[in-house]
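K.L.:
As a plain string of letters, each chain reads:
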Amino acid sequence: MEKKGGLLEWLDKRLAVNALWRIMMSEYYLPKNINFLWSFGVLTMLVFAILVISGIFLLMYYKPDAKLAFDSVNKTIMMDVAFGWVFRHTHAVAASIMFLVLYIHMARGLYYGSYKAPREVVWITGFLLFVLMSATAFTGYLLPWGQMSYWAAQTITTLFEKIPFIGPDLVIWIRGNYIVADATLTRFFALHVVFLPLLLIFVTAVHLYAVRIVGSNNEDGIPMTKEEKKVKGIPFWPVFMAKEYFVMSVFLLFFFYLVFFNYNFAMDPINFQPADYLQTPMHIYPEWYFLAYYEVLRGFFFSQNLGLIAFVASMFIILFMPWLDRSPIVSGKHRPLYKIAFWIFIFDFIFLTILGKLPPTGLYAWLGLAGSIVFFLFFAALPIISKIEKSQVEKAGR
Amino acid sequence: MKELKILAVIVVLVLIGYWGIEPLAHSIMHKHIEEAIKKYNLPDFKFSDLDPIPSGLQGNPQAGKEAVKTFCISCHSVKKEGINAPMPPQAAAQSFGVVPPDLSNIGGILDEKYLFNFLKNPQKATENPKFAMPALGLSDQQAIDIVAYLKSIAKKNMSGKEVVEEGCVRCHSIKYQKIQALSPPDTMKKYLGKVPPDLSVIYKAKGEEYLHAFINKPQAILPGTGMPRVGLDKEAQEKAIAYLEEIADPHKEQRTKVGIIVLAYLLVMVGLTYAWKRKIWKNLH
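Protein chains in written order, with this note's numbering: chain S, 1 to 398; chain G, 1 to 285.
Since the hints were derived computationally from the structure, they do not count as laboratory data.
Think of the CB as a built atom: it goes at the ideal place given N, C-alpha and C, for glycine as much as any other residue.
Mixed in with the good hints there might be a few duds.
To be verified - Below are the PhoX-like pairs computed for lysine-lysine, each with C-alpha atoms no more than 20 Å apart in a straight line:
1) S:K75 with G:K252
2) S:K75 with G:K175
3) G:K252 with S:K67
4) G:K204 with G:K46
5) G:K161 with G:K234
6) S:K32 with G:K80
7) G:K2 with S:K333
8) G:K234 with G:K156
9) S:K75 with G:K161
10) S:K67 with G:K178
11) G:K234 with S:K333
12) G:K194 with G:K130
13) G:K204 with G:K239
14) G:K80 with G:K161
15) G:K79 with S:K339
16) G:K282 with S:K230
17) S:K32 with G:K46
18) S:K32 with S:K13
19) G:K161 with S:K32
20) S:K63 with G:K130
21) S:K339 with G:K5
22) S:K232 with G:K277
23) G:K282 with S:K232
24) G:K130 with G:K120
25) G:K46 with G:K5
Claimed, not checked - Have a look at the derived ranges for each label pair, beta carbon to beta carbon:
26) S:I163 with G:W19: 35 to 45 Å
27) G:W281 with S:L377: 20 to 30 Å
28) S:P238 with G:E246: 48 to 58 Å
29) S:I53 with G:Q177: 26 to 36 Å
30) G:L4 with S:I163: 20 to 30 Å
31) G:W19 with S:M25: 37 to 47 Å
32) S:K13 with G:Q254: 49 to 59 Å
33) G:V14 with S:F376: 17 to 27 Å
34) S:E161 with G:G271: 33 to 43 Å
35) S:S303 with G:V268: 20 to 30 Å
36) G:L222 with S:I373: 36 to 46 Å
37) G:V268 with S:L8: 48 to 58 Å
38) S:V206 with G:V268: 45 to 55 Å
The shape of chain S in the complex, shown without the other chains (with noise of 0.2 Å):
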């Protein structure tokens, strides 16, 4: 990279790209305690590339028309177009593992606290890449006109209208119409393909940036200056990056394994059917990596006002973790009572998914409100545990 002459230096004198190297690659330097959970930001990085790659090629043969995307999705591009398949699994099979990257990304920073001072802007810019990646993720869902992908923005789009005063009123100005119709798929085909992933790259940069200035956090939480981790850290090129690259490896080998030989999870069976408005299916649910907070949704059964205050504060409230947990401990490791709210948090998680695809009878709706309640307990909690951990803190101080 330093060699006199040539490329480089012209480049370097112009564009300063030695130093610009140096910041972002070779002299950016991780703390060594640091596990494989590490890898899963430049993995969300590299599903994302997937995506667009493979989105690109899905543009080339895909038709926004109501009348022409369910065909042009199932007969142009799964049969006619030579590997257009190959396409289609992997943008549906990636589209679903980036929210389990995403999700496993996320559970990293809550368990080690990566959230806390100073790294709060890391933390915010990253809540927002999970929104608009949601947002992709909801948009896109609508594009192959299949009975599932209708009907789950029909859903979706009439929560809206429970808003109050403009309500109805934004319901038909997100649609474009009285019901989900052309209008609505061309507008999300805008959105999904061009304005979101625009988004996404602009709040990437950031990201990336952020993390740069205040460092990546560790298993211990320890803080560490710039000039320690020179002398205790590796940097991220070579060092980091060698392993991220085998890790990078082992996790395409079982991506493309889902893509070639399991891919069902990711294109339900009902959206092989085209789109219908005078025909409900029987079941309606989001996908995967929705069930969580859609069961918070239909969780309050009682009230369908509740349940849904209850919806917008559960993708929400985790914005607030860097405010709602004060303790002076960073990481969950040296965090007895944090490491056990937390493992019930994501078990909650789990479970909420799980119940988010069963129909809302019964005994599933009494459970629905308990893992509800229990979601909301994890943040109601953090104070307290906060505190504790406070006196702790300071009578060990003294």
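Use these hints to put chain G onto chain S, whose structure you have.
P.N.:
For chain G alone, coordinates are given in the frame of chain S:
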């Protein structure tokens, strides 16, 4: 070691989630289907609910031919024998809701016992009270003669595509194969309550188990459906479903082949990247 423990935790959690949203959810949401399949032991190619053909009854194809001429050709064609339909398909569809089938090959795909019962009482055999064909008041002997005749003229060893063309496309279109339903959508809507679904990717929408049970006994799986029981025998139904799979998923073979190459390539990548990681990290500790 620690890394493997973390990996194990992730794998277990993902598997619990997967189990919940796939097998568990499926078993709960499709409970009524599983129950119907169990209750009626579907697909039931013995058509256990129908009356057995009286023992000792022998069909005579020659007499059957005469009976067909007396009872059937006022609505049906038998093109193979040079008998054309008495009215054009459009007019027939207007009067009956659907175009009556040509009888040339019908005997090759339907179960014998079913066909016997169908001729005696179409509404009971199809389990569809609105079924267009009336009971003709045939005697057992006449019915079995017609069965024998239709079996004798039907094409043998029909392909899956032929079975579907004989058995399904009077009502169902298969758009992606450029096959248009013989009966017009508006008359079928009046007759059946809705336009029957297109079969192009129905295999992916419904799956093999469901199709086997549904085609065999529609009312057990979807009570109130306009779909009549058509009485395909075991061989014909298996061929038909194999054909539906083939047209819904034409790249199955290619997928497996490419998949194996990609996975093999990635295995090599795993080895190479692991070796590089070892090399870089060796000097660290």
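K.L.:
Can the restraint linking S:K75 and G:K161 be considered satisfied, given a maximum Cα separation of 20 Å?
P.N.:
OK: S:K75 and G:K161 at ~19 Å, within 20 Å.
K.L.:
Can you confirm whether the C-alpha distance between S:K63 and G:K130 stays at or below 20 Å?
P.N.:
40 Å, violated
K.L.:
State, for the Cβ atoms of S:I163 and G:W19, whether the hinted interval 35 to 45 Å holds or is violated.
P.N.:
With Cβ atoms ~37 Å apart, the hint holds.
K.L.:
Are the Cα atoms of G:K234 and S:K333 separated by 20 Å or less?
P.N.:
62 Å, violated
K.L.:
Just tell me: holds or violated, for the beta carbon distance of S:I53 and G:Q177 against 26 to 36 Å?
P.N.:
Given about 32 Å between the Cβ atoms, the range holds.
K.L.:
Confirm or reject the claim that G:V268 and S:L8 have a C-beta distance inside 48 to 58 Å.
P.N.:
31 Å, violated
K.L.:
Given the hinted pair S:K232 and G:K277, is their alpha-carbon gap at most 20 Å?
P.N.:
19 Å, holds
K.L.:
Quick one, are G:K2 and S:K333 close enough, alpha carbons at most 20 Å?
P.N.:
13 Å, holds
K.L.:
Under the criterion that the straight-line Cα-Cα distance not exceed 20 Å, is the pair S:K32, G:K80 satisfied?
P.N.:
Judged against 20 Å, a Cα distance of about 82 Å means the pair is violated.
K.L.:
Is the hinted range of 17 to 27 Å satisfied by the C-beta distance from G:V14 to S:F376?
P.N.:
Holds: the Cβ-Cβ distance is about 25 Å, inside 17 to 27 Å.
K.L.:
Quick one, are G:K282 and S:K230 close enough, alpha carbons at most 20 Å?
P.N.:
Holds - the C-alpha atoms of S:K230 and G:K282 are around 18 Å apart, at most 20 Å.
K.L.:
Are the Cα positions of S:K32 and G:K46 separated by 20 Å at most?
P.N.:
70 Å, violated
Hint compliance for this structure: hints 3, 4, 6, 11, 15, 17, 18, 19, 20, 25, 27, 30, 34, 35, 37 and 38 are broken, all remaining hints hold.
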